Amino acid sequence: MDEKKIMVVDDEENLLELVSVILMEEGFDVITATNGKECLDKLKTTKPDLVLLDMMMPGMSGRETCEKIRSDPKTKDIKVVFLTVARFSETGKEILRKMNVLDYITKPFDNQDLIKRIKKLL
Amino acid sequence: MNLLKEMTENEFLLMLINEEQYIEQLEKIVKAVEKSHTKICYVCLNKPYQDITNELKARKIDTSRFIFIDVLSSHYKKQEPCENCIFLQSPANLDELKDAIKVGCNAIIMDTVSTLLVYQDASSIISFTHKLLTDGNKGVKKIFIVLKEDPLSEESRMLVDDLNMFADKKIEITKDLLR
Chain X
1 MDEKKIMVVD DEENLLELVS VILMEEGFDV ITATNGKECL DKLKTTKPDL
51 VLLDMMMPGM SGRETCEKIR SDPKTKDIKV VFLTVARFSE TGKEILRKMN
101 VLDYITKPFD NQDLIKRIKK LL
Chain C
1 MNLLKEMTEN EFLLMLINEE QYIEQLEKIV KAVEKSHTKI CYVCLNKPYQ
51 DITNELKARK IDTSRFIFID VLSSHYKKQE PCENCIFLQS PANLDELKDA
101 IKVGCNAIIM DTVSTLLVYQ DASSIISFTH KLLTDGNKGV KKIFIVLKED
151 PLSEESRMLV DDLNMFADKK IEITKDLLR
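In order, the protein sequence lines correspond to chains X and C.
For what it's worth, my numbering labels the leading residue of the first sequence as 1, then goes sequentially.
For what it's worth, my numbering labels the leading residue of the second sequence as 1, then goes sequentially.
Simulated from the structure, these hints should not be mistaken for lab results.
Note that the structure is a prediction, hence the values are computed from the model and not measured.
Careful, some of the hints might be misleading.
Stated by the list, open to error - Covered stretches of chain C (chain X as the covering partner; in silico rule of three or more C-beta atoms under 8 Å from a C-beta of chain X): (1) 72-80; (2) 126-133.
Unchecked claim - In silico BS3-like cross-links for lysine-lysine, where the CA-CA straight-line distance does not exceed 30 Å: (3) C:Lys138 / X:Lys98; (4) X:Lys68 / C:Lys170; (5) X:Lys98 / C:Lys77.
Glycine is no exception: its CB is placed at the ideal position from the N, C-alpha and C atoms.
Using the sequences and the hints given, assemble the complete structure.
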């Protein structure tokens, strides 16, 4: 089986490391970014199968980062899942659907649930 | 649109009001909140407490059930303690503001949240908002007012778009609503 590549984007470095370890142990190839700008920069040179994107980050929010991913023809089809502490409203969920965000995982999360949901999408 | 109905049905409302009609539109919002809630926390981010209460009283709005939080006045001059107003030192200290808002009210009016962009970046404001939504404020109505410049600055637009992810409804107050 081809190794699937996941980009994890989160400004909380401990969480970034934790998620990376969980995914690597499941055999995923993991790349990381600590903010939206770094995510977009890395997407210029690498194409992950899925981006796991934190909603609330300093500088560029997850929503804005996702908008930029969708507006670039080279990255517009990349699967995006949000990682969030937030309770999205119905309006927010509708915005996620419009941005073609496949799922959102609420922090704190159950490790097995995280893996199950990501595997389902890949 | 029935503003009162919107306030009854939604927990977190994001309201965009035009800068040039600020007072007229604010009056409509505050009257609707005053009619539908028993204890109201009014966060003065745009104008000092004294100016706001004078405006509201001039428009015959009963402020006896209001608790005001003023983040501006102490910045210029030491304020005497006041029965229905909490004076904070700085609008930049969002933790202090969040703690002050825990005053047992059933509605919170943030007038106007976009003003915070002068002191904080949008992500800090979003994070502050999210804490307000989750930290024991379930069931409390939150009415966040954003001043709508024309056109909306890039930073304000980002703030509105991000706040909209959590808001139950975004309402752009138009002249029609003032009739």
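Outcome of the hint check:
For the segment 72-80 of chain C, the stated coverage by chain X is not satisfied: 0 residues place a CB nearer than 8 Å to a CB of that chain, which falls below the threshold of 3. By the rule of at least three residues with a Cβ nearer than 8 Å to a Cβ of chain X, the coverage given for the segment 126-133 of chain C holds, with 4 such residues. For the hint pairing Lys138 (chain C) with Lys98 (chain X), the CA-to-CA distance comes to about 27 Å; that is within 30 Å, so the pair holds. The hinted pair formed by Lys68 (chain X) and Lys170 (chain C) meets the criterion: a straight-line CA distance of about 23 Å does not exceed 30 Å.
In summary, the hint linking Lys98 (chain X) to Lys77 (chain C) is not supported, as the alpha carbons are separated by about 48 Å, beyond the 30 Å threshold.
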